[in-house]
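Once you've looked at the hints, dock chain B against the given chain A.
Protein chains in written order, with the numbering used here: chain A, 1 to 112; chain B, 1001 to 1111.
What the hints contain is simulated information worked out from the structure, not anything from laboratory work.
Hints may contain errors.
What the hints assert, rightly or not - DSBU-like cross-link-like pairs, simulated, lysine-lysine; straight-line CA separation at most 35 Å: (1) Lys1051/B with Lys57/A; (2) Lys1057/B with Lys57/A; (3) Lys9/A with Lys1036/B; (4) Lys1051/B with Lys9/A; (5) Lys1059/B with Lys9/A; (6) Lys1056/B with Lys57/A; (7) Lys1070/B with Lys57/A; (8) Lys1056/B with Lys1070/B.
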Amino acid sequence: DSGVTQTPKHLITATGQRVTLRCSPRSGDLSVYWYQQSLDQGLQFLIQYYNGEERAKGNILERFSAQQFPDLHSELNLSSLELGDSALYFCASSVDDRDGYTFGSGTRLTVV
Amino acid sequence: GQQVMQIPQYQHVQEGEDFTTYCNSSTTLSNIQWYKQRPGGHPVFLIQLVKSGEVKKQKRLTFQFGEAKKNSSLHITATQTTDVGTYFCAGRPLDGQNFVFGPGTRLSVLP
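Chain A with its partners taken away, still in its complex shape (with noise of 0.2 Å):
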């Protein structure tokens, strides 16, 4: 256990649906990052959340969208998903921008 928690690990869903990842960071932790990996891809950078703002922004398509809350926890979300969107989604976090990050097991989602 990474202490990273992500769910749900699995989610099945159609075309045009939209869906929410959830991810709790590790205690202390205050930078949460989303990653898209899609099969046999690297790691595609989507956002950063720090202690609750938007730091930096990568890929992210204008169908998604991230937050992260007071608590820390985030959500990402994905509407009008499209089959495309399958994939691997990681959740990391960090204490700041310098150190490693610790990454949570992962949402596989389906899109079918």
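Same frame as chain A, but now just chain B:
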């Protein structure tokens, strides 16, 4: 924007052989990290290098940061089947906040 490249993309070795993966950045880095992702698993932080020319060892793994802080390498001596996985480097640019991940090197170890 900054690009981080890794070679090779794939490497198959016989158990007991050595393995090296190389990471190259298009810009100078403030520091670099290495991660390992086992098949079906999540990336796990291995190490961070900060100083120019820095070399760090973890048992059979040797990590090196280039003098110009634009490249890095991970060398595994006498690979074991437990070394199987994808090794990612992640570089933090001098003027940036976030680490940029390389595409990874997938290592297969044949028993």
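Consistency of the hints with the structure:
1. Between the alpha carbons of Lys1051/B and Lys57/A the distance comes to roughly 28 Å, so the proposed pair stays at or under 35 Å and holds.
2. Between Lys1057/B and Lys57/A the CA atoms are separated by roughly 34 Å; this keeps the pair inside 35 Å, and the hint holds.
3. With a C-alpha separation of about 20 Å, the suggested pair Lys9/A and Lys1036/B falls inside the 35 Å cut-off, and the hint holds.
4. A threshold of 35 Å between alpha carbons decides the hint, and for Lys1051/B with Lys9/A the separation of about 38 Å lies outside it, so the pair is violated.
5. A C-alpha spacing of about 33 Å is found between Lys1059/B and Lys9/A, which places the hinted pair at or below 35 Å, so the restraint holds.
6. Pair hint Lys1056/B plus Lys57/A holds up; C-alpha atoms about 32 Å apart against a cutoff of 35 Å.
7. Note on Lys1070/B and Lys57/A: the hinted pairing holds, with a Cα-Cα distance of about 23 Å set against a maximum of 35 Å.
8. Among the hinted pairs, Lys1056/B with Lys1070/B is consistent with the structure: their alpha-carbon atoms are about 17 Å apart, no more than 35 Å.
In summary, the one numbered hint that this structure violates is 4.
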